[in-house]
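Chemist: First to last, the sequence lines map onto chains A and R. Read left to right, the first sequence gives residues 8 to 147 (the numbering used here). Read left to right, the second sequence gives residues 351 to 635 (the numbering used here).
The hints are simulated quantities; they were obtained by calculation from the structure and are not laboratory data. Since this is a predicted model, take the numbers as computed values, not measurements. Using N, Cα and C, we set each Cβ at its ideal position, and we do this for glycine too. Hints may be right or wrong, so weigh each one.
Not the full set, but computed from the structure, chain R residues with beta-carbon under 10 Å of chain A [stated by the list, open to error]: (1) Val377; (2) Ala391; (3) Lys398; (4) Val428; (5) Arg477; (6) Leu495; (7) Val561; (8) His577.
Derived Cβ-Cβ restraints for the label pairs, each shown as a range [what the hints assert, rightly or not]: (9) R:Asp599 with A:Pro10: 49 to 59 Å; (10) A:Glu94 with R:Leu456: 23 to 33 Å; (11) R:Ser526 with A:Asp80: 29 to 39 Å; (12) A:Asp80 with R:Leu456: 24 to 34 Å; (13) A:Arg91 with R:Gln387: 56 to 66 Å; (14) R:Gly490 with A:His114: 28 to 38 Å; (15) A:Tyr44 with R:Gly438: 20 to 30 Å; (16) A:Arg60 with R:Thr510: 33 to 43 Å; (17) R:Val460 with A:Asp80: 46 to 56 Å; (18) R:Asp491 with A:Glu93: 24 to 34 Å; (19) R:Met528 with A:Arg60: 46 to 56 Å.
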Amino acid sequence: MSPIRLDIVTAERLVFSDDVDVIVAPGIEGELGILPYHAPLMTILRAGELRVRRGEEEFSLAISGGFLEVRSDRVIALVDAAERAEEIDITRAEAAKRRAEEVLSQHPPGMDTARVEAALRRSLVRLKVAEKRRKRRRKI
Amino acid sequence: MANIRLIRHRIRSIQSTAKITRAMEMVATSKMRQAQQRGLAGRPYAEKITQVLADLAALPDAGRVLHPLLQRRPAAKVCIVHITPDRGLCGGLNASLNRKTASFILEQSVPVTIITVGRKGVDFMRRHGRDVRAEFAQLGDHPALLDTLPISRIIIDDYTSGVVDLVYLVYARFISTMTQRPALWQILPVEPAAIPGVQNVDYIYEPGAEVVLSGLLPRFVEMQVYHAILESIASEQSARMVAMRSATDNASELIDDLTLVYNKARQESITREILDISGGAEALV
Numbered sequence: 008m009s010p011i012r013l014d015i016v017t018a019e020r021l022v023f024s025d026d027v028d029v030i031v032a033p034g035i036e037g038e039l040g041i042l043p044y045h046a047p048l049m050t051i052l053r054a055g056e057l058r059v060r061r062g063e064e065e066f067s068l069a070i071s072g073g074f075l076e077v078r079s080d081r082v083i084a085l086v087d088a089a090e091r092a093e094e095i096d097i098t099r100a101e102a103a104k105r106r107a108e109e110v111l112s113q114h115p116p117g118m119d120t121a122r123v124e125a126a127l128r129r130s131l132v133r134l135k136v137a138e139k140r141r142k143r144r145r146k147i
Numbered sequence: 351m352a353n354i355r356l357i358r359h360r361i362r363s364i365q366s367t368a369k370i371t372r373a374m375e376m377v378a379t380s381k382m383r384q385a386q387q388r389g390l391a392g393r394p395y396a397e398k399i400t401q402v403l404a405d406l407a408a409l410p411d412a413g414r415v416l417h418p419l420l421q422r423r424p425a426a427k428v429c430i431v432h433i434t435p436d437r438g439l440c441g442g443l444n445a446s447l448n449r450k451t452a453s454f455i456l457e458q459s460v461p462v463t464i465i466t467v468g469r470k471g472v473d474f475m476r477r478h479g480r481d482v483r484a485e486f487a488q489l490g491d492h493p494a495l496l497d498t499l500p501i502s503r504i505i506i507d508d509y510t511s512g513v514v515d516l517v518y519l520v521y522a523r524f525i526s527t528m529t530q531r532p533a534l535w536q537i538l539p540v541e542p543a544a545i546p547g548v549q550n551v552d553y554i555y556e557p558g559a560e561v562v563l564s565g566l567l568p569r570f571v572e573m574q575v576y577h578a579i580l581e582s583i584a585s586e587q588s589a590r591m592v593a594m595r596s597a598t599d600n601a602s603e604l605i606d607d608l609t610l611v612y613n614k615a616r617q618e619s620i621t622r623e624i625l626d627i628s629g630g631a632e633a634l635v
């Protein structure tokens with residue numbers, strides 16, 4: 008099977024660029040698996056985990072919302088932020104999660120619920136991706 | 351004798367100035383390189399988002415429901431985002447940026463609101479008694495996209511709420527290390543027609559072309575603001591590098607000249623002393 012070229016870019020840098028076999032992306036209307044020769048597609052991504060398989064190897068990245076462009080041999084993810092598992096600062100993500108939960112439970116007046124929930128979702132995704140990597144490493 | 355000491359003082363003071371300018375030149379060189387790399391790192395995103403936007407705008411039904419950021423209105427009020435460095439000592443860069451914005455403001459027949467980024471721009475506007483809608487400063491040498499979001503937020507909000515009908519950006523375009531030119535660029539409304547290179551791939555849009563477009567447009571504006579700021583930083587640093595290099599060159603030229611004068615004066619005084627002594631000795635004999 009011919010591989011797909013996956014580029015993950017943010018406004019600040021190119022996070023990932025390599026040939027991969029399968030991509031599973033968090034589309035706005037649900038998880039979305041992409042194999043080579045997918046029909047051209049343009050979709051919105053929500054914050055979540057973007058999983059990639061390359062040969063025997065499988066890994067994931069934490070992304071916050073963005074766009075995904077799919078062509079037959081090329082996939083480009085334009086995202087607001089993306090981190091590979093090894094770049095995630097777990098203590099920071101945990102602190103962010105606690106902060107968001109605190110704000111949500113106290114519910115101060117004038118709170119932007121959608122924004123706090125988005126922040127909470129982002130931190131949860133980060134923790135999940137980082138956690139996965141830890142487990143995998145222990146197995147080896 | 352006092353003359354000689356004076357010259358020596360001047361040489362010394364110029365030498366220490368040259369030391370500072372040389373150090374500043376080196377700092378600016380490394381900062382410029384960093385700024386250029388940052389600009390390059392963001393280029394794939396910029397190219398991609400521009401291309402997708404052009405594809406979307408080329409859709410036959412794109413004109414049906416016009417997104418607020420694409421709506422063209424008669425200009426009753428104009429906004430200008432004036433991007434300058436925080437600091438001086440970068441040649442004529444600040445002056446030419448301020449001149450560009452000033453002449454633009456004076457040309458307008460409608461009221462202009464001003465948003466400044468960078469201290470030199472605010473100072474200039476204050477000096478000339480202009481009201482500033484918002485000012486941003488101290489973004490640092492390598493701002494993250496997050497740092498520039500408040501700027502894009504203000505212009506997008508002002509534009510969608512109808513406070514302003516046109517938004518321009520003035521920034522220092524980086525042409526080469528030796529040349530930076532102030533550039534004026536219309537950022538809102540977004541003009542997809544001005545975007546070159548439409549490819550026209552038949553995409554499936556999920557959940558729909560309009561939703562994708564409305565998610566894309568604000569990001570496009572944010573990206574443009576961010577890039578203009580990055581480019582301004584690269585321009586600032588290279589302008590400073592060039593200015594400091596010529597300052598260092600001038601200093602060493604001055605030192606050479608002064609050293610010559612100093613040596614001449616010193617020799618003269620020695621000759622005079624010898625003449626005095628030999629004259630005295632002769633008188634004694």
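Chemist: Among the hints numbered above, which are violated by the structure, and what are their numbers in rising order?
Modeler: 1, 4, 5, 10, 12, 13 and 15
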